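**Student:** Make a model of the complete structure from these sequences and hints.
Protein chains: 2
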Amino acid sequence: MALAYELRCRECGKTYPNTPLSICDACFSPLEVHCDLEAARGSFTREKIAQGPDSMWRYKALLPVPEDYVPATPAGWTPLLAAPRLASRIGAKNLYIKNDAVCLPTLSFKDRVVSVALANAQIFGFDTVGCSSTGNLANAVAAQAARLGLKTYILVPSDLEPAKILNTQVYGAKLVRIDGNYDHVNRLCSQIAERYNWGFVNVNLRPYYAEGSKTVGYEIAEQLGWRLPDNIVCPMAGGSLITKIKKAFKELIALGLVEEKEVRFFGAQATGCSPISTAVKTGADHIEPQRPSTIARSLAIGNPADGIYAARAIRESGGWAEDVSDVEIVSAIQELAETEGIFTETAGGVTTAVTARLYAHGRIKADDLTVTCITGNGLKTTDALAGAYEVERAVRPRLSDFEAYIEEQTEDRAILEGASVR
Amino acid sequence: MALAYELRCRECGKTYPNTPLSICDACFSPLEVHCDLEAARGSFTREKIAQGPDSMWRYKALLPVPEDYVPATPAGWTPLLAAPRLASRIGAKNLYIKNDAVCLPTLSFKDRVVSVALANAQIFGFDTVGCSSTGNLANAVAAQAARLGLKTYILVPSDLEPAKILNTQVYGAKLVRIDGNYDHVNRLCSQIAERYNWGFVNVNLRPYYAEGSKTVGYEIAEQLGWRLPDNIVCPMAGGSLITKIKKAFKELIALGLVEEKEVRFFGAQATGCSPISTAVKTGADHIEPQRPSTIARSLAIGNPADGIYAARAIRESGGWAEDVSDVEIVSAIQELAETEGIFTETAGGVTTAVTARLYAHGRIKADDLTVTCITGNGLKTTDALAGAYEVERAVRPRLSDFEAYIEEQTEDRAILEGASVR
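If you read the sequences in order, they're chains A and B. Just so you know, the first sequence maps onto residues 1 to 422 in UniProt numbering. Just so you know, the second sequence maps onto residues 1 to 422 in UniProt numbering.
Keep in mind that a hint or two might mislead.
Which copy? The list can't say, so a pair holds if one copy fits it or any two copies do.
[Unchecked claim] Here are the simulated SDA-like cross-link-like pairs (lysine to any residue), alpha carbons at most 20 Å apart as the crow flies:
#1 Lys93 x His184
#2 Lys281 x Pro66
#3 Lys164 x Thr45
#4 Lys174 x Val391
#5 Lys14 x Ser55
#6 Lys151 x Tyr389
#7 Lys281 x Asn303
#8 Lys14 x Glu390
#9 Lys48 x Asp68
#10 Lys151 x Asn18
#11 Lys261 x Leu150
#12 Lys174 x Glu403
#13 Lys164 x Asp383
#14 Lys174 x Glu335
#15 Lys93 x Leu148
#16 Lys164 x Ile123
#17 Lys174 x Glu390
Note that these hints are calculated values from the structure, not bench results. These numbers come from a predicted model, not from an experiment.
**Tutor:** What follows is the structure in structure tokens.
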């Protein structure tokens, strides 16, 4: 049975049968998966989706896999949480958090894209997969490939601390240190993928990989009771996520699952690597590459592949982009944890700090229904908090000493006074 | 409307109305929550549960909360995964993993018990909560209390590395370093709870707290299609979890949700802290306290409160207990990650290594339907892997150099040879 999707060039529109290819051979522009909405119409209904699994695979009918594809690992279907306590701190009234800090299986939204990429790696018959990454992407590839019994190679620049990737090596992934920067590593990945039967999720599998991001948009709409928000705030690294959430919303409107609505898209970057937000703010029609210098490593892509498409999506929607300093990132990580009990990585600090600024500057109205996307878990970037908390004196294990200690602390004195003594 | 649960002494059976109390004033034995199964019969049905939320609160009717309780945070409802690749390595044929390494919101099964404890903290009107812990328990209390707007105190022995609790402090929890060991800290917690209107989840809220563990058992049964497994392998720290899973199964049988069946319970400890497994192996009728010395810190309770009940549950079921060395723990962490893509903390290494040994020694038959309980995430104990992977030489970013590097590695040579060169 013919598949309901194919590859199509984003610029010249040339179409290709499904194959591990990411660049158009006619105009060298990126290829994208085009799903046949009409073919999906019958199986992509609210009712059928509700009967699906508690994972992103409930949306299988609009993902580039065969109808009968059976996923090996649950992924996605993360909580959409009302955030009243954060909202009151930043002047919002109707704020929700899409919490991919707890995305299955490896605690970042990369699990979504990797799930779709590895499904296609199997379809294309690859026995070996890989990527160039040290972070969330490497985690997701190594873990999901292990469960599928695929061999995994992770290529990284040799100047990176090996300690950073213990939690990827544990899955049995083979780490190869390359004597060069990420540009060198990525070029080598392309050559290996070209020559051998290997699938690099973000190189020759990229068009399929990227479709996985649509599930963030599908989930937000379904979890809001099949309606779209007024605003989406989204972190930007390569710039793909924001464009795919927009694509997901368009598909839902076309299929009549949600009412038509102009959602405004807002992009978040770290000032230390802000090529996309700079383009949006200056109105530039191209992306000026930057040399990254920020603690938000998972967003530190100086020359973002989808940057121009992200900037375009933001402008066309009437949204905006902002970037924040490393200091703001750390305090936003703390503020999100203190108010909503969500511990996010540095990228989530970026998104939270940018969200606060968008409200403060009136770019987002207080009453708007806004969803901010948290994309990774704080346990992966605990370095960011080093030195954030001072070590206080030890207290002797006696009630009187404890009370005296509490008394010392003005902020806490009220508690004992307020406490009803039995 | 009267609540369908009360406190009852495990030994003398004396009953108490619901109140923050954990010890019987008549015989000084531990109190336990007793739920009125008859009262729950109408609302605890397969159909009503299936209509409930994708969280442990789908079992609310058998948890100690009012019928109208609305949870603030999704918790539990973790994947039950078939583990074919691990199974084939250890000689199992029908092995499942209950994966609380990805339990919401803080990635350990402690989220389940803390959810129920904090629900009751609110019911009892506590504005301040706490616990004595540096690990999963502190994480869960700090995160969930933050979202509820409760003030949190974490009391810890002063000799602990402050770095270990950054990921708890981030939630705004107040860390108090006590100049003593855990016994001192726990005694102080009891005194504070006694004197002030504070709720310590594992002290004065302990009976309610402990009920949360039942949800592991409910989920396993529902995820198996409303049937019970032949065997459960469960890590043991204080010993409570294994007794509560057994209690959950008994309740499901009594309510007719599953067929009656004798499930065998198997306990897992680290040899460096094995008071319960030692009691089971020696047939002792009491628990001999130990001074813990193991990397499995989350299981390192030398004098387990529920140890004797755990040992009893294991013996009565026809099960067994085992303990494993720190070296076995680390290699089991790697084996679970390499085969199933699950990265667990040291406690999960204990459970996995013990599971393998139980099959090897014939304590568990290959064909049995066995569920092994993974209770926490490996990102919390990455130290355990320090030095596990050697740093190899850097490779120049050229295809020929990469091929030469792969050639060097006998284990990998086959891959290129096998690869279909385009």
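**Student:** Hints first: check each against the structure and report whether it holds.
**Tutor:** Structure-based check of all given hints:
| no. | hint | verdict |
| --- | --- | --- |
| 1 | Lys93 x His184 | neither (47 Å within a copy, 45 Å between copies) |
| 2 | Lys281 x Pro66 | neither (41 Å within a copy, 52 Å between copies) |
| 3 | Lys164 x Thr45 | neither (43 Å within a copy, 47 Å between copies) |
| 4 | Lys174 x Val391 | between (39 Å within a copy, 11 Å between copies) |
| 5 | Lys14 x Ser55 | neither (33 Å within a copy, 46 Å between copies) |
| 6 | Lys151 x Tyr389 | between (41 Å within a copy, 17 Å between copies) |
| 7 | Lys281 x Asn303 | within (17 Å within a copy, 61 Å between copies) |
| 8 | Lys14 x Glu390 | neither (59 Å within a copy, 47 Å between copies) |
| 9 | Lys48 x Asp68 | within (15 Å within a copy, 30 Å between copies) |
| 10 | Lys151 x Asn18 | neither (23 Å within a copy, 55 Å between copies) |
| 11 | Lys261 x Leu150 | neither (42 Å within a copy, 38 Å between copies) |
| 12 | Lys174 x Glu403 | between (54 Å within a copy, 14 Å between copies) |
| 13 | Lys164 x Asp383 | both (10 Å within a copy, 12 Å between copies) |
| 14 | Lys174 x Glu335 | between (37 Å within a copy, 15 Å between copies) |
| 15 | Lys93 x Leu148 | between (44 Å within a copy, 18 Å between copies) |
| 16 | Lys164 x Ile123 | neither (32 Å within a copy, 43 Å between copies) |
| 17 | Lys174 x Glu390 | between (39 Å within a copy, 11 Å between copies) |
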